[in-house]
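**Q** So the protein lines, in turn, are chains A and B. Here our numbering is used: the first residue of the first sequence is 1, the next is one more, and so on. Here our numbering is used: the first residue of the second sequence is 1, the next is one more, and so on.
Any given hint could turn out to be false.
Sample of chain B residues lacking proximity to chain A, with all beta carbon distances greater than 10 Å (derived) [said to hold, decoys possible]: (1) SER13; (2) MET56; (3) MET59; (4) ALA99.
Computed cross-link-like contacts, DSSO-like style, restricted to lysine-lysine with a CA-CA straight-line distance of at most 30 Å [what the hints assert, rightly or not]: (5) A:LYS470 to A:LYS406; (6) A:LYS82 to A:LYS406; (7) A:LYS82 to A:LYS354; (8) B:LYS91 to B:LYS41; (9) B:LYS66 to B:LYS41; (10) A:LYS406 to A:LYS354; (11) B:LYS36 to A:LYS240; (12) B:LYS121 to A:LYS82; (13) A:LYS439 to A:LYS377; (14) A:LYS387 to A:LYS377; (15) B:LYS121 to B:LYS91; (16) B:LYS75 to A:LYS82; (17) B:LYS90 to B:LYS36; (18) A:LYS240 to B:LYS75; (19) A:LYS586 to B:LYS121; (20) A:LYS388 to A:LYS439; (21) A:LYS240 to B:LYS41; (22) B:LYS91 to B:LYS75.
The set of hints was computed from the structure by calculation and includes no laboratory data. No residue lacks a Cβ here, since even glycine has one placed at the ideal position from N, Cα and C.
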Amino acid sequence: MQIDISRFRDSFFVEAAEHLENMEAALLQLEGEPENTETLNTIFRAAHSIKGASTTFGMDEVGKFTHVLENLLDQLREGVAKASDQLVELMLTSVDVIEGLLAAEKENADPPENVDEVISALNEAFQAATGGQSLDGPSGTICKAVNDPAKPSNVTVYEIQLLPSREFFCFGQDPYLLLRELAEMGHLLDIQADSSALPPLAEMNPEHCYLHWTIKLQTEATEAAIHDVFMFVDEATQWKVSQATASDTPKTSEIDSATETPADADSESHTYQTTPVAESTDDSTRAKPTTSPKSSMRRTISAGENETVRVDRRRLDELINQIGELVIGTSMVEQDLASFGAGRESAAMGQLGKIVRDLQEMSLSLRMVPIAATFQKMARVVRDVSKKLGKEVQFITFGDETELDKTVVDQIGDPLVHMVRNAVDHGVEMPEDRERAGKPTAGRVELRAFQQGGNIYIELQDDGKGLNRKTLLSKAIEKGVIDSAENLSDNEICNLIFAPGFSTAAEVTDVSGRGVGMDVVRRNVEALQGSVSIRSEEGKGSTISVRLPLTLAILDGLLVRLEHEVYIIPLLSVVESIRVSPDQIKRIVGVGEVITLRGEVIPLLRLHQALQRSNGHDNEDGLLVIVEDQGRRMALMVDELLGQQQVVIKNLETNFRKVPGIAGATILGDGRVALIVDIYGVSLMHRQPTNGTPASRESTSLDAINSSTQHAVVESNTDPNSMTAS
Amino acid sequence: MSKTALVVDDSTSMRQMVAFTLQSAGFEVVEGCDGKDALAKSQGGNFNLVVTDLNMPNMDGITLIKELRTLPAFKFIPILMLTTESQDEKKQQGRAAGATGWMTKPFNPEQLLQVVAKVVK
């Protein structure tokens, strides 16, 4: 029977990735406490599991490598060698190599270049640990043949004696199975049971084995193959195999070999050939995985104590998508019923609606994963970067268990790496500088995650030198990000670091790269419908705050009408809605319209104009929705408020194209499409009138007006380049 | 009546592979992700075979074998251990604990079935 095991390769890749994560985490822990046996065991177990499974699935390169690593780990575990910093470093590199080897298997790509180099380094470390004892080569003991393959030999007659131990049965053994296996090896000439050891019935323990057997077997199999049959018997059990010629009379007296053994060699005994158990797999029988799964890495939903089921990511997404359609379908039915006069009153409809909402909530929770794994990777980044730069950094995480949408978690990794690198590279000072500044020599970098309302906040705080405003400003001017330093608030200056093409590093380092980092961070975060901002105190450190939506699938929205169209404003951004009289709306030349609300000057935007819906239509009813994004307020003028509703977000870009000011679309209960307003995008429009004036100048002049009128506004208005999307 | 096997391994892929192989040979399979889990699942069950990994978190294979052997329902059941350790030491420990036999990784499904045939009627 040929059983295809390639289907388990996907599972293995997922599992191996988890093992590697655990290994990395444990290695970082080991650095602080090199003799922690529990940590060493964790690392060993991870390497061991990867080795076992990878060889089983035919990934010999991975197996070979992990075997070498395991040898070294074994020495550490046994206390023969100590986990020095260099060894930890080497093992961390090994984790990377395994990752590379796995990726190579998965995508049929080339293995990492440094494999051999790392293998020899591991071997050297092993030899140093064991005092020169050489390793049995990289592939040495993985595939250890238990026996020589059975060679065809002449037919021989063996006499086999089996004396099972008393406790034979308690090892799950069964004499019958052994005898049957022997019988299948050839031609059973004789079998005798010796019951002489059987005690009187009253003294007999029914769980014990008292019988002995003597067997005469004619077979082509070798003596070694016969011994193999007994490979599993317990130690107290004895067996003897001796060659007997056809004419031999057995020496053991109880066994009477009256049977004349036929001496002819060609009995029908060669029908069966035993394969030595647990021998190294030979190529003909090994299931050759042919598929090269390109599917994206799936991760476990939760690796807690509870039992988990792994589900293909695409199937999960499809499920969530379909449930979204169900929600829409349900509200369509509800509206139809309402048109028959049986809508909200219908108890059945109410119940169905509740079930559907619960179902949707549950489906979304399926895709929620803790951010711990991502945070874990940052620990490695901090370690590597600080080592490279010769800085001391203490890295602390909070809120690892905070859950957010898998899609978000997957995409936040890269921006976080940039941020963390920057914090260690540009934020934290060299130990001697810190000492001079009266700080502890070790810098402190803190990564926090927490939930607030429908958002997740990730904050990265360092106690480094903070941002130097002067340097920032001169750089910004030099790079043409801003025209002049005039009238920029402190907060705005800090947020200049998110401007495209902005770098604060005096020279480009190979750690933080060419300063594209923070710009990319902002773009990535905005792509996730999040926002990013920085607070910094010179000499004391900086805090970067990333706001992310809990999920990208649904949204609580305020439905507003613009003429005959419905738009949705994300409810989280809505502060309040008010009605103002036309004379409360002031026009400021070159900037646009503003209103004053409780002493605060707020930019006003006629939504239908901003979205270029209609120029003729002008609503002077003055119905305004005040929206806020990271402390910055704006008034949107609409025709009517229709109510609030949870909507399923449909990506507009994939279905149509990117529309400025629009974050996505949804389908309403009546089947109509409604567009979701992108608060950040719309706010840019306020600063970008149709004449194409550069945004920076516009905003600067707006801020100029703001700062001269109200301090509060200055705080909330920032340069467009630091502004954030909702 | 079909036979039931308890398959214990902390590696999902290995567990699935063993389970799948045994299922293809007509076994019903109960899976355990470590010794502790397996021991909990063994309660009250009627099993004909146990296949367990040795190196596992929470409760390792050796302890599991010892624990299982104290249960009347597992006293005579064949227990196979999966090991990558080719050293005799682990095997000896396993045997002392009451294991019937072992499989050295890597192995393929055919080899597993051969060993199973050795110990299961």
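**Q** If a hint holds in the structure, say so; if it does not, say that too.
**A** Hints and how they fare:
1. SER13: Violated, since 4 Å does not exceed 10 Å.
2. MET56: Violated, since 8 Å does not exceed 10 Å.
3. MET59: 13 Å, holds
4. ALA99: Answer for ALA99 of chain B: violated, closest chain A Cβ roughly 7 Å.
5. A:LYS470 to A:LYS406: At roughly 40 Å apart (the allowed maximum being 30 Å), LYS406 of chain A and LYS470 of chain A break the hint.
6. A:LYS82 to A:LYS406: 39 Å, violated
7. A:LYS82 to A:LYS354: 60 Å, violated
8. B:LYS91 to B:LYS41: OK: LYS91 of chain B and LYS41 of chain B at ~24 Å, within 30 Å.
9. B:LYS66 to B:LYS41: 16 Å, holds
10. A:LYS406 to A:LYS354: 25 Å, holds
11. B:LYS36 to A:LYS240: 40 Å, violated
12. B:LYS121 to A:LYS82: Not satisfied, since the Cα-Cα distance of roughly 49 Å exceeds 30 Å.
13. A:LYS439 to A:LYS377: Within the cut-off at roughly 27 Å; holds.
14. A:LYS387 to A:LYS377: 16 Å, holds
15. B:LYS121 to B:LYS91: 23 Å, holds
16. B:LYS75 to A:LYS82: Given that 30 Å is the threshold and the Cα spacing comes to 42 Å, the pair is violated.
17. B:LYS90 to B:LYS36: Measuring from Cα to Cα gives roughly 20 Å; hence the hint holds.
18. A:LYS240 to B:LYS75: 27 Å, holds
19. A:LYS586 to B:LYS121: 92 Å, violated
20. A:LYS388 to A:LYS439: 21 Å, holds
21. A:LYS240 to B:LYS41: 40 Å, violated
22. B:LYS91 to B:LYS75: 19 Å, holds
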